[in-house]
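Enquirer: Please model the entire structure based on the sequences and the hints provided.
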Amino acid sequence: MTEQGMIGIENLRVAFGQGADSVVAVDGVSLSVRDGESFGLVGESGSGKSTVLRAVSGLNHDWSGRVAVAGVEQSRRRAKGFFKTCQMVFQDPYGSLHPRHPVDRILAEPIAIHGLGDTDGRIDRVLLEVGLGPSFRFRYPHQLSGGQRQRVAIARALVLEPRLLLLDEPTSALDVSVQAEILNLLRRLRAERGLTLVLVSHNLAVVANLCDRLAVMNRGRIVEEMTVEDLRRGEAAQPYTRQLLRASQGYDRAAAESFRDFA
Amino acid sequence: MNGRAMNGGSTWRAWLSTDTPQSRMQARLGRAWSGWLAFRRNRLAMAGLLIVLGLVVVAALAPLLAPYHPYEQDLANRLQPPGALHWLGTDSFGRDILSRLIHGARLTLMIVALVAATAPVVGLLIGTVAGYLGGWVDAVLMRITDIFLAFPKLILALAFVAALGPGIENAVIAIAITSWPPYARIARAETLTIRRADFISAARLQGASSARIILGHIVPLCVASLIVRVTLDMAGVILTAAGLGFLGLGAQPPLPEWGAMIAAGRQNVLEQWWVAAMPGLAIFVVSLGFNLLGDGLRDVLDPKGD
Numbered sequence: 001m002t003e004q005g006m007i008g009i010e011n012l013r014v015a016f017g018q019g020a021d022s023v024v025a026v027d028g029v030s031l032s033v034r035d036g037e038s039f040g041l042v043g044e045s046g047s048g049k050s051t052v053l054r055a056v057s058g059l060n061h062d063w064s065g066r067v068a069v070a071g072v073e074q075s076r077r078r079a080k081g082f083f084k085t086c087q088m089v090f091q092d093p094y095g096s097l098h099p100r101h102p103v104d105r106i107l108a109e110p111i112a113i114h115g116l117g118d119t120d121g122r123i124d125r126v127l128l129e130v131g132l133g134p135s136f137r138f139r140y141p142h143q144l145s146g147g148q149r150q151r152v153a154i155a156r157a158l159v160l161e162p163r164l165l166l167l168d169e170p171t172s173a174l175d176v177s178v179q180a181e182i183l184n185l186l187r188r189l190r191a192e193r194g195l196t197l198v199l200v201s202h203n204l205a206v207v208a209n210l211c212d213r214l215a216v217m218n219r220g221r222i223v224e225e226m227t228v229e230d231l232r233r234g235e236a237a238q239p240y241t242r243q244l245l246r247a248s249q250g251y252d253r254a255a256a257e258s259f260r261d262f263a
Numbered sequence: 001m002n003g004r005a006m007n008g009g010s011t012w013r014a015w016l017s018t019d020t021p022q023s024r025m026q027a028r029l030g031r032a033w034s035g036w037l038a039f040r041r042n043r044l045a046m047a048g049l050l051i052v053l054g055l056v057v058v059a060a061l062a063p064l065l066a067p068y069h070p071y072e073q074d075l076a077n078r079l080q081p082p083g084a085l086h087w088l089g090t091d092s093f094g095r096d097i098l099s100r101l102i103h104g105a106r107l108t109l110m111i112v113a114l115v116a117a118t119a120p121v122v123g124l125l126i127g128t129v130a131g132y133l134g135g136w137v138d139a140v141l142m143r144i145t146d147i148f149l150a151f152p153k154l155i156l157a158l159a160f161v162a163a164l165g166p167g168i169e170n171a172v173i174a175i176a177i178t179s180w181p182p183y184a185r186i187a188r189a190e191t192l193t194i195r196r197a198d199f200i201s202a203a204r205l206q207g208a209s210s211a212r213i214i215l216g217h218i219v220p221l222c223v224a225s226l227i228v229r230v231t232l233d234m235a236g237v238i239l240t241a242a243g244l245g246f247l248g249l250g251a252q253p254p255l256p257e258w259g260a261m262i263a264a265g266r267q268n269v270l271e272q273w274w275v276a277a278m279p280g281l282a283i284f285v286v287s288l289g290f291n292l293l294g295d296g297l298r299d300v301l302d303p304k305g306d
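In order, the protein sequence lines correspond to chains V and G. Just so you know, we're using my numbering here: the first sequence kicks off at 1 and counts up by one. Just so you know, we're using my numbering here: the second sequence kicks off at 1 and counts up by one.
Take these hints with a grain of salt, some might be off.
Not the full set, but computed from the structure, chain G residues with beta-carbon under 7 Å of chain V [as the list claims (entries may be wrong)]:
id : residue
1  : D19
2  : A27
3  : H217
Pulled a few chain V residues facing chain G out of the computed Cβ check, cut under 8 Å [to be verified]:
id : residue
4  : L53
5  : S57
6  : L59
7  : K80
8  : F83
9  : H98
10 : R100
11 : P102
12 : P110
13 : D118
14 : T119
15 : Q143
Away from chain G, derived, C-beta distances all over 12 Å, residues of chain V [stated by the list, open to error]:
id : residue
16 : N11
17 : S22
18 : G46
19 : E73
20 : A108
21 : P162
22 : N184
23 : R187
24 : R190
25 : Q243
In case anyone wonders, no lab produced these hints; they're calculated from the structure. Built from N, CA and C at the ideal position, the CB exists for glycine as well.
Expert: So, in structure tokens, the structure goes:
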């Protein structure tokens, strides 16, 4: 299990639609994530990074290739036990919490589904862990701020005590100051629980903050894998990555005119 | 004394509207309370609520409120205009129209309650299952719905009543059978808009079964618009029941069903207008009440308003 690492993906291919209208979103992606590692997947919109994450999490059934999580080969439909290993946090905290369920119900549901017991204790503990006191337990999502909602979403993912946490742009819908809080929270949780994180983001600063290693995606393929140290030094091997780095430093006219389309 | 009572009221209110409820019950009551506050601001909706509550009270207390027995005939006093003895006049058998209207409220309420308890539930389940599962389940369920929708409602109800035999229970069954398809359509449309939402994906990632997602996550979001639609449809249900009664296939004489009463009054509608007009007025007022109530509920319950 440890030799294979937490995630092993080989030649993953995802296409939407059928026949002539078919669009290949992910085209032959292979990567592996070690146990306890924090791995970033970066790329611009439509590069297929979120699609990779949805295939790993089991939300997308229409993929081909090989996906192994925690050393277990995964089929397209996931067994219930899989979700105790792997959980996901979504981008938009305003859309990922049921508008009619109070926090208590949101957190109690996974416990009930997996028959874990000690519902009250687990909810109180996980709320404290994500930095929300017990006073938040019976609030509805509309009574929470964006950052508080995202903390609830993280608590929901953690309540099953997974070893792998998939993060789909977890901070991009939040204010800058709240982004830092959520990133600190994620870093602390990773250290405390020994979590493996896979972070999808278009924001290189966020990836540099949280990850050890990253892969750059463009048009459904992995362009380059690099460490965060390389990223910080700006040592990218591929021209596409260099362009992405330049774009992340803000736009000036010379940079914008030098941009090319990488097919 | 007065001060303490007011103080008690304000602590209740604070307890209900707190941002940090201490228990599930308090959170739920607080939500209901804020809904009530929003509802109370709508004057027309309050008028509708009063009318519907009035109907319930009248139906519950019918024997006490009615000045005469609804079946008591007095042929010497037939077709009397409204006056001191008979406030709303008498019909062609000399029966007091007011008493018959008051007892008829029970029949109307029973029809409304039975239809409201069956048709929307069936429609909700079929619509959410079709919308969430999609594929061939959706195709089969929706084609069945289309078949039912293709018939005019009253004609289909007529056919069912003709097959089941006339009577008010069979009229209710026929109305319920013919009125679920629109609810299934609404529920399916609502389901399609929320099935791709992140919170549904999150539920799937927790390992929730389709039944749990449909009943626990999708149905609560569809119920609001369905309640509104049901309240708005109640006028139509009353009218269909009255129509069946009018055709002799619903309530049988001497039951004081409002539609049947209009039918009985139509022979002398020009000379003795009150015989048909009074039950018509009752149907109008109650239908209006349900419509106003439905409009108010839409403002409170519609999740898109949040």
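Enquirer: Are the hints correct? Go through all of them and say.
Expert: Each hint, compared with the structure:
1. For G:D19, the shortest C-beta to C-beta distance to chain V is roughly 6 Å, which falls under 7 Å, so the interface hint holds.
2. About 4 Å separates the beta-carbon of G:A27 from the nearest beta-carbon of chain V, less than 7 Å, and the hint is met.
3. For G:H217, the suggested interface contact is upheld, since its CB lies about 6 Å from the closest CB of chain V, less than 7 Å.
4. Below 8 Å, beta-carbon pairs count as interface contacts, and V:L53 has none with chain G, the closest being about 11 Å; its hint is therefore violated.
5. Proximity of V:S57 to chain G holds as hinted, the smallest CB-CB distance being about 6 Å (cut-off 8 Å).
6. Look at V:L59: its Cβ gets to within about 6 Å of chain G, closer than 8 Å, so that hint holds up.
7. Among the interface hints, the one on V:K80 holds; its C-beta lies about 4 Å from the nearest C-beta in chain G, closer than the 8 Å criterion.
8. For V:F83, the shortest C-beta to C-beta distance to chain G is roughly 4 Å, which falls under 8 Å, so the interface hint holds.
9. A hinted interface residue such as V:H98 counts as satisfied when its beta carbon comes closer than 8 Å to some beta carbon of chain G; here the least separation is about 5 Å, so the hint holds.
10. For V:R100, the interface hint holds, the least distance from its beta-carbon to any beta-carbon of chain G being 5 Å, beneath 8 Å.
11. With a cut of 8 Å, the hint placing V:P102 at the interface with chain G holds, because the nearest CB-to-CB distance is about 5 Å.
12. Interface restraint check for V:P110: the shortest CB-CB distance to chain G comes to about 4 Å, inside 8 Å, so the restraint holds.
13. Look at V:D118: its Cβ only gets to about 17 Å from chain G, farther than 8 Å, so that hint breaks.
14. Checking V:T119 against chain G: minimum C-beta separation of about 12 Å lies over 8 Å; hint violated.
15. For V:Q143, the interface hint holds, the least distance from its beta-carbon to any beta-carbon of chain G being 6 Å, beneath 8 Å.
16. With a least beta-carbon separation of about 24 Å from chain G, V:N11 lies farther than 12 Å from that chain, consistent with its non-interface assignment.
17. With a least beta-carbon separation of about 19 Å from chain G, V:S22 lies farther than 12 Å from that chain, consistent with its non-interface assignment.
18. Every C-beta of chain G lies more than 12 Å from that of V:G46, the closest at about 18 Å, which supports listing it as non-interface.
19. Every C-beta of chain G lies more than 12 Å from that of V:E73, the closest at about 19 Å, which supports listing it as non-interface.
20. Not every C-beta of chain G lies more than 12 Å from that of V:A108, the closest at about 10 Å, which undercuts listing it as non-interface.
21. For V:P162, the condition that its CB be more than 12 Å from all CB atoms of chain G is violated, with the nearest at approximately 10 Å.
22. No Cβ of chain G comes within 12 Å of the Cβ of V:N184; the nearest lies about 23 Å off, and the non-interface call holds.
23. V:R187, annotated as away from the interface, keeps every beta carbon of chain G farther than 12 Å; the closest lies near 23 Å.
24. Chain G leaves V:R190 outside its interface by the beta-carbon criterion, the shortest separation being 19 Å against a cut-off of 12 Å.
25. Separation of V:Q243 from chain G is adequate, the least Cβ-Cβ distance of about 31 Å exceeding the 12 Å criterion.
The structure fails to meet hints 4, 13, 14, 20, 21 from the earlier list, while all remaining hints are met.
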